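**Q** Single-letter residue listing:
There are 2 protein chains.
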Amino acid sequence: MKTDMTIKEQTKLMKLESSKMAAMSLEVRNNALKAVADELIAKKEEIIRANEEDLKKAEEDGLQKSVLKRLKFNEEKINGVVEGINDLINLTDPLGKVQMKRELDEGLLLIRESCPIGVIGVIFESRPDAMVQISTLCIKSGNCAILKGGSEAMNTNRVVFNIIYNAAVNAGLPKNCMMQIEAREDITAILDCHESVDLLIPRGSNAFVQYIMSNTKIPVMGHADGICHIYADKDADIEKAVKIIIDSKTQYTAVCNATETLLVHEDILEKLMPVLNEAFKTKNVEVRGTQKIRNIIDCEQATEEDFATEYLDLIISVKSVNNIDEAIEHINRYGSHHTDCIITEDDKAAEYFMQNVDSAGVYKNCSTRFADGYRYGFGAEVGISTGKLHARGPVGLEGLCTYKYKLYGDGHIVDDYAAGRKKFHFKDEQI
Amino acid sequence: MKTDMTIKEQTKLMKLESSKMAAMSLEVRNNALKAVADELIAKKEEIIRANEEDLKKAEEDGLQKSVLKRLKFNEEKINGVVEGINDLINLTDPLGKVQMKRELDEGLLLIRESCPIGVIGVIFESRPDAMVQISTLCIKSGNCAILKGGSEAMNTNRVVFNIIYNAAVNAGLPKNCMMQIEAREDITAILDCHESVDLLIPRGSNAFVQYIMSNTKIPVMGHADGICHIYADKDADIEKAVKIIIDSKTQYTAVCNATETLLVHEDILEKLMPVLNEAFKTKNVEVRGTQKIRNIIDCEQATEEDFATEYLDLIISVKSVNNIDEAIEHINRYGSHHTDCIITEDDKAAEYFMQNVDSAGVYKNCSTRFADGYRYGFGAEVGISTGKLHARGPVGLEGLCTYKYKLYGDGHIVDDYAAGRKKFHFKDEQI
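Just so you know, the protein sequences line up as chains A and B, in that order.
This note's numbering numbers the first residue of the first sequence as 1 and each following residue consecutively.
This note's numbering numbers the first residue of the second sequence as 1001 and each following residue consecutively.
None of these hints come from the bench; they were simulated from the model.
The model shown is predicted, which means the values in this text are computed figures rather than measured ones.
Errors might be hidden in some of the hints.
Here are the simulated lysine-lysine pairs, DSSO-like style, with alpha carbons at most 27 Å apart [what the hints assert, rightly or not]:
| # | chain 1 | residue 1 | chain 2 | residue 2 |
| --- | --- | --- | --- | --- |
| 1 | A | Lys348 | B | Lys1056 |
| 2 | A | Lys8 | A | Lys271 |
| 3 | A | Lys240 | B | Lys1069 |
| 4 | B | Lys1422 | A | Lys423 |
| 5 | B | Lys1406 | B | Lys1234 |
| 6 | B | Lys1020 | A | Lys348 |
| 7 | B | Lys1034 | A | Lys423 |
| 8 | B | Lys1240 | A | Lys217 |
| 9 | A | Lys97 | B | Lys1077 |
| 10 | A | Lys8 | A | Lys175 |
| 11 | B | Lys1240 | A | Lys101 |
| 12 | A | Lys427 | B | Lys1348 |
| 13 | A | Lys12 | A | Lys217 |
| 14 | B | Lys1348 | A | Lys234 |
| 15 | B | Lys1097 | B | Lys1422 |
| 16 | A | Lys101 | B | Lys1097 |
| 17 | B | Lys1057 | A | Lys422 |
| 18 | A | Lys101 | A | Lys348 |
| 19 | A | Lys281 | A | Lys292 |
| 20 | B | Lys1069 | A | Lys423 |
| 21 | B | Lys1422 | B | Lys1101 |
| 22 | B | Lys1234 | A | Lys348 |
| 23 | A | Lys101 | B | Lys1012 |
| 24 | B | Lys1422 | B | Lys1012 |
Simulated coverage check for chain B against chain A, where a stretch passes if three residues somewhere in it have a Cβ under 8 Å from a Cβ of chain A [to be verified]:
| # | stretch |
| --- | --- |
| 25 | 1004–1010 |
| 26 | 1175–1187 |
| 27 | 1401–1409 |
By construction, the Cβ of each residue, glycine as well, lies at the ideal position given by its N, Cα and C atoms.
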């Protein structure tokens, strides 16, 4: 795209071209994806060189090892994202899906059909694979995309974006189908573009997502916090409980679907806590418990604040509850409506919990870490939504689409119905 | 509900009870609706008396006839809303609908199921029937509701709300399932309740909806403007065109789905405009046209501002366009993404228009006035959304629902998949 234009002008152009992008056939969109995959492989070395620059700079800046690990974009990771693109090509078209077909009256046919949202801005962290995943999800779903990656990956992102952009446009996508922004001021400029940008998806820290939400009229899809719970019911299988709790807490701590709080039915405290505590010790998990927990195991006192904290670390708060209702109330009050799990062998208790916990994911006997677009079979995800509007939970292709109503008539007017000369008959066709 | 609590305390209580409301069986919800219908009939006279007070006050205040007409809630209108409740009882349950059923791996089953949004605040105009329609839609969809009607209908609304509330709670719905607010300050208080209120639906003037959107973190569903277009294509049938344009413009002018701008392909200007102008004259429609229009008929000059104006009156702006692309571009630029129609006998042109116009409703050969929940067969509507997130177009029961993911495992942990000991197999079950 021309760079002598302001961000606002560029997004306006994009908005105008978004209906062309929406009209691209599945064949053109898949060909573009194929071209992107081919070019990423062909230009692998160029990407790796750029990534090495970013890594060098990051090391010089003394960034944490975990950041360096995520920043690294080597041959293996490139092959990984290309595999992801091939999976995406094989997914069915999310566009033009007929969701409803209803004859309102003789010759008056209403059809609801899926279509792209339009122009989507995504702000994401310093993982170069995120640039590939998000841009290709937008291509497959016919959306124009504004992409802002983390500044630590600047060189890599620039090279990767150019490869994707050129491959996509050469394959026939509109010139303004995507754009990259790099500067922080550009984010501020985007926040003001509510007339051209249909949706913002910020990924990153809680504070950052809240900042975005408070400073724009553009609808925002994202999650503010990930305070996930496990409730070990009185009929929990202790062995399963330990296995699931350890996985949910320790398999990867720095993510939103890791468990932060454990609620234990008081009837099983003595059976569960000692053995669980041994498992926590081998994984270096710090436990903060309420008094009844501390009566059984040696641990720090949990405060009110602990239950409202997303640790993203090897720390877990543990509370004893008298019954399932107390667990549900605690989760609905302190949780972030992300993902919460019950461990029980009692199916009725499980259904009751899953009905009453007000979260995007309600689980029975499995790790909260399953809350993820890839693990749900969505191909990839652009984020996880804890809001209730539009998309909830992991957001894949479907969450990047909306729908429109098409009404086909033959001179039909409302006055005929208002005056009683005609009547609607509402016949739904099977779809 | 107790009245010695602040609005914030009341909405918090409502939020806590919203999971109970969500768990109400279809039978209990339908029984509550039946009880509401019965009580409205039984207490008809009490309602009419209260309404007469409102009407008297409105007359004294010199309110317009059209306002008085909408404010009036007589036996006929009461019977009408009761009929609407009976239709609503017969609609299938919007809750617990399985939208996806996928086995991720042996014994690991993912189910996506519809559920209520939670706590919804609706601010609506001075039509007492709106109070009944909105509250009953919320009951059927298992949502807790905060209801604020127009102040002109205060006495009627108070009586009607009490009848509905008592009938609903006596039928078994939770005590905090709905509440009425009356004062303007109470709206301000609600805007600050983003921790307990999941969705706001403001109905009313453009300025009012914009005010709400700019002053809350709560997601807002509503439309800011209704600038609907009709494009008369070069292959339009003139007779149909006149009939549809007159209906769209004049059948009811004070509503968002009335047409405000007509775009005419230059090839049919001479055929269409003179006969259309005669029809406009009989309906007292004022025409504001571009120069090419004024070369054919006698009318005012249309300005840039006209094309961005929602008249809600017997005024129409008319523009000549060179081709269908110019029409589409005009609509996407000046329109409000509400409802836009093409008049043509050329199916390909119709499909092209309907694909490329970025609106909630894209119509062929029928009046824009059809954009309405009742006419779409939704029973009733809580509003029409011109946003693209969540619900688009007329919003009925489905738009008041979200979904949750239920994941059933038997000790499944993510580490088994991360380490390659197990693999997902993603088998979708037909639903």
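**Q** Confirm or reject each hint.
**A** Here is how each hint holds up against the structure:
Restraint check for lysine 348(A) and lysine 1056(B): the C-alpha separation of about 57 Å exceeds 27 Å, so the hint is violated. Only pairs whose Cα atoms come within 27 Å are accepted, and lysine 8(A) paired with lysine 271(A) is rejected, the gap being roughly 61 Å. The suggested pairing of lysine 240(A) with lysine 1069(B) is violated, with an alpha-carbon distance near 66 Å, which exceeds 27 Å. A C-alpha spacing of about 58 Å is found between lysine 1422(B) and lysine 423(A), which places the hinted pair above 27 Å, so the restraint is violated.
For a cut-off of 27 Å, the pair hint linking lysine 1406(B) to lysine 1234(B) is broken: about 53 Å separates their Cα positions. Between lysine 1020(B) and lysine 348(A), the direct Cα distance comes to roughly 16 Å. Compliance with the 27 Å bound is thereby established for this hinted pair. This hinted pair checks out: lysine 1034(B) and lysine 423(A) have alpha carbons roughly 26 Å apart, not beyond 27 Å. In summary, the hint linking lysine 1240(B) to lysine 217(A) is not supported, as the alpha carbons are separated by about 40 Å, beyond the 27 Å threshold.
Taking the CA atoms of lysine 97(A) and lysine 1077(B), the gap is near 39 Å; set against the 27 Å cutoff, the hint is violated. Using a Cα cut-off of 27 Å, the hinted pair lysine 8(A) and lysine 175(A) holds, with the two alpha carbons roughly 17 Å apart. Note on lysine 1240(B) and lysine 101(A): the hinted pairing holds, with a Cα-Cα distance of about 24 Å set against a maximum of 27 Å. For the hint linking lysine 427(A) to lysine 1348(B), the alpha-carbon distance of about 26 Å falls within 27 Å, and the restraint holds.
Restraint check: the Cα-Cα separation between lysine 12(A) and lysine 217(A) comes to about 16 Å, which is no more than 27 Å; the hinted pair holds. Restraint check: the Cα-Cα separation between lysine 1348(B) and lysine 234(A) comes to about 64 Å, which exceeds 27 Å; the hinted pair is violated. For the hint linking lysine 1097(B) to lysine 1422(B), the alpha-carbon distance of about 31 Å lies beyond 27 Å, and the restraint is violated. The suggested pairing of lysine 101(A) with lysine 1097(B) holds, with an alpha-carbon distance near 18 Å, which does not exceed 27 Å.
Between lysine 1057(B) and lysine 422(A) the CA atoms are separated by roughly 38 Å; this puts the pair beyond 27 Å, and the hint is violated. For the given pair, lysine 101(A) sits about 37 Å from lysine 348(A) by alpha-carbon distance, which is inconsistent with the 27 Å threshold. For the given pair, lysine 281(A) sits about 19 Å from lysine 292(A) by alpha-carbon distance, which is consistent with the 27 Å threshold. This hinted pair checks out: lysine 1069(B) and lysine 423(A) have alpha carbons roughly 24 Å apart, not beyond 27 Å.
In summary, the hint linking lysine 1422(B) to lysine 1101(B) is supported, as the alpha carbons are separated by about 20 Å, within the 27 Å threshold. For the hint pairing lysine 1234(B) with lysine 348(A), the CA-to-CA distance comes to about 64 Å; that exceeds 27 Å, so the pair is violated. At roughly 40 Å between alpha-carbon atoms, lysine 101(A) and lysine 1012(B) are farther apart than 27 Å, so this suggested pair is violated. As the CA atoms of lysine 1422(B) and lysine 1012(B) are separated by approximately 44 Å, the hinted pair breaks the 27 Å bound.
Only residues whose C-beta sits within less than 8 Å of a C-beta in chain A count toward coverage, and the stretch 1004–1010 of chain B has 0 of them, not enough to reach three; the restraint is violated. With 0 residues having a beta carbon nearer than 8 Å to a beta carbon of chain A, the stretch 1175–1187 of chain B misses the requirement of three or more and the stated coverage is violated. Figure legend: the stretch 1401–1409 of chain B, annotated as covered by chain A; annotation consistent (8 residues with Cβ-Cβ distances under 8 Å, at least 3 required).
Of the numbered hints stated above, those contradicted by the structure are hints 1, 2, 3, 4, 5, 8, 9, 14, 15, 17, 18, 22, 23, 24, 25, 26, listed in ascending order.
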